[in-house]
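S.K.: Each chain is listed here by its residues.
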Amino acid sequence: MRRLAPLWLLLLLAAPTALAHEGAGAGIEARATLPAWALYAAGALLVAVSFAVLGTRVERPSTHTADRPRGPPRAPSARVRATRLVGLAVLALLLAGPLLPGSVGAWTPELLWLGALGVLFAWAYLVGDPWPALSPARALAPLVAPRSPRALPDRLGSWPATAALLALVVAELAGGLFATATGVLLVAAAYLVWTLVGCARFGPEAWLPRADPLERATAWFGAIAPRGPRGRWRWPGARLGARAAEGMSDAAFLLALLVATNADGFLATAPGARLLAALGGGWTGTAAVVVGALLLFLGFLQLAGAAARRVTGSAERAGVLAAALAVALVPVAAGYHLAHLLVRVLDLVDPGLGPLALGGVAAGQAAVLLSGHVLGVLVTHDATWSAFPSRVQAVLAEVPLTALLVVYTGIGLWTLAEAAAGVGA
Amino acid sequence: MSERCPSCAARFAGSGELLLHRVRAHARVPQGDEALRYAVLVTAEEAWLAHFRRHMRGVLVALPLVLVYVFVLLLGSAEGGAAMAFGLLLAPGVAVFAGLAYYLAYTKEPRTGEE
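Heads up: the sequence lines are chains R and F, in that order.
Letter by letter, the first sequence follows residues 1 to 425 in this note's numbering.
Letter by letter, the second sequence follows residues 426 to 540 in this note's numbering.
Excised from the complex, chain F in its bound form (with noise of 0.2 Å):
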């Protein structure tokens, strides 16, 4: 069951939708319980966004060590099949360190303010 601005007859899928939107594009004022269940859904908000930047952190640290590996590999596999399957005898322990990569950059803690 959809519900629209009355503002501006924009659709949204729930009131939480319509509650963000009234307040963020037409600055309106929340009073009462509507500032309660704002403020919810903001945090709810902001957990969400800091899970997601985490991974997102995970991916920048991990993506040029797996990038570099698949580079080498490809120059590798100009030089004939020798030194190709030398290079993917190296794929598991990149895979490790890049997934180690990846967990220490997404468990690292954020600096106060960055999130």
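Chain R with its partners taken away, still in its complex shape (with noise of 0.2 Å):
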């Protein structure tokens, strides 16, 4: 991966470069000149000539990028429990916002949003993992753990995870919880009865790691960080490649990051509004798009595990490979979150943005979305020379998960252009 690195410096750079120019204007002027799915275009073939680049140095991945295997859990430092304590303290603010005088209360909202939300996973991506360090779960863990904890189903795989953080989704768009101090506390209340009831039955370390949307979500963000756990700095993304999912329920959870931070950006368009009141608007219609819309990007990635095991010729079942390569979602929901948290951080700084800013904003998003795409691209390439033994088979089955992306960068840059235009009429 080290010989790749000017690679991954040209691509990433060539990313924000190549669009700037017309994603400044994005919203007002390139209309005139460059028909809209011309922009879309060229994301898309972006994303598809990285796939060519790459394809010219193609070599196998060093074995030293993937992280050593966890060993038993051990007792936290006194550090880790000074950290758990603002983690704690944070919790507790979000508990007691109600309760707070009315100008501190009413930021308990941003505190979820920009705090729990938007800074923590932005640390985990562009840093590294913080959540170890600061869970309140973990934190209050041992008051609540059982001597002898019942065996979590195997079965279950990552589904609670995925679940919650589906709950949490709709919860957000359709009951408008975190905009509220009310609506706060009752998100935290319930992510703190979620996570300790199911740590009093299962234990800790059963439960946490595959039930704790935030704990998951931050491990697999983590990954993409270029300062490993142990303080090594590696390549963005170096990391994702020798990591697979844990079958279709870990690969469910990816795909729900994906939906996670790309659902309100739908629903802000116009073809989004309409299919939700299509389903009935409120708590329903959301619910019914949002788990839609997974089961959309899974049935997605299957049929690309379904052609890469037909190009490859490979003996393992579609969904077994699907899953491996679903870590190349990783960095492409990492790029959606990151331009979300752009636009809140601007207008928290800024409310009254002009066009012309709406249009630098909108090329900036256009941008870092186009640099988790190809940084996608780029995790496939080393998670497909992970999967299979054949540096063939490994060149063969990045094609249908590039041509994957390539949707994907379509329907994230038209989705962005939707909103920004709806933003901007």
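None of these hints come from the bench; they were simulated from the model.
Quick caveat, the model's predicted, so the values are computed rather than measured.
It cannot be assumed that every hint is accurate.
Stated by the list, open to error - Here are the in silico distance ranges between beta carbons for each label pair:
1) A270/R <-> H480/F: 33 to 43 Å
2) C430/F <-> A189/R: 44 to 54 Å
3) A219/R <-> H480/F: 35 to 45 Å
4) L342/R <-> L499/F: 28 to 38 Å
5) R81/R <-> G457/F: 49 to 59 Å
6) R310/R <-> V521/F: 31 to 41 Å
7) E459/F <-> L156/R: 35 to 45 Å
Beta carbons: idealized from backbone N, C-alpha and C, even for Gly.
Since each chain comes alone in its own frame, lean on the hints to assemble the complex.
M.R.: Right under this line is the structure:
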């Protein structure tokens, strides 16, 4: 992977530069000179070209990029116990929001958005996974951990975390629970109950890695970060290719991350709003859209797995291959998350952005999104080389997943452009 | 008929794939006939990959020519029918030029150690 480093830099720098000029006027000027589909096609083409560039430098990645397997869980150090107090303090603030004085309590939604969901995830994929040192669930788990925990069935996989993540998304979109101090209290209380009841029944080491959506999400995002758990520096995403999703339930969690980071953008578009209205709106309509999106993306992933099986002649099941290749979606989800976080932060700093600034924001979002997709292609390259013994199979298997990423790029850019046009109108 | 790895139980379509897996994933050192088969498999792999790299080089050389032409054509389409028609007249020439560029990049001998 070290020899591919110049290619990484070239591709990741080319992505924002290539679209910055057109994107700056995306909502206004560019529509008069270039049709919108040309911009989507350019973005999708960038992803496809990154596959071709990688194809000229095909080699086996170093096995040293994989993290060493974790040993048995150790007792938290004094430093970790201290930082978990910070996590507990944040949780206490979220729970106490409605009781706090008006101006302070009104900040708890922003604390949840920017703090828990924004900065936490951004820190994870830019610097490293901070959750083990902050988790309030892990801080409180020893108080409820049973002496003889029940066995958590293996067949459940990561479905508990997936269900919890989708529930959070629906609560945000349909209930607006993230917009008021009372709503934030309900969300924080539900998270606490979900994690602690499971810890009391199955033990924290079995329950939290498979049921806490924050722990699972930060663990996956942390694998993109250039700094590893032991302080070693690597290229972004270098550790992802050596990991594999543990079955379709884990792949479903990665897709749920993608849905979570993109759902509000889709529902802000005219077709998204029409679809929500057609499904009845409210909680049931939103749940139908969110679950439907997950099932649709799962279907695409299964197709990609089946195509990879066919072109490589592999004897492994399509579902197993699809799960192994799903790690490529982690940087895509990170790109969507960062694009949304940009808007959130800028809105907080200066709520009254003019049209030119809006165009610049749209360009920045497109650049971040494309960078995530290009990084996804690079991770696909690594993942296929880990999943297949033959280098020929590895290259052939990249084709259907790159095609899938091209489709996601088109959808992502269309969502951004439609949402930006709606804001600028 | 699939074969299973005795170390990790992963499934493979044939003995060739299984051998590659056991050497690369489990650091098995092939002996005797196995070593010969492994060398043959690796040589076939290298030949396929060299062929693939040549195609990708050709695509990367020819693609910018096509993209610039399409971009100019799109800009010209905003000017009206006459500009568009003139632009389309150039299409066969651009196609030939892109094809020639692809062929030249494909047949270029790689530098020592590149492949």
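S.K.: Now tell me, hint by hint, if it's right for this structure.
M.R.: Here's how the hints hold up against the structure:
1. A270/R <-> H480/F: 33 to 43 Å: About 42 Å separates the Cβ atoms of A270/R and H480/F, which means 33 to 43 Å holds.
2. C430/F <-> A189/R: 44 to 54 Å: Holds - the Cβ-Cβ distance for C430/F and A189/R, about 48 Å, lies within 44 to 54 Å.
3. A219/R <-> H480/F: 35 to 45 Å: Between A219/R and H480/F, where Cβ atoms are some 38 Å apart, the hint holds.
4. L342/R <-> L499/F: 28 to 38 Å: At roughly 29 Å between Cβ atoms, L499/F and L342/R fall inside 28 to 38 Å, so the hint holds.
5. R81/R <-> G457/F: 49 to 59 Å: 57 Å, holds
6. R310/R <-> V521/F: 31 to 41 Å: Given a distance of about 35 Å, which is inside 31 to 41 Å, the answer is holds.
7. E459/F <-> L156/R: 35 to 45 Å: 41 Å, holds
Checked against the numbered hints listed earlier, the structure breaks none of them; every hint is satisfied.
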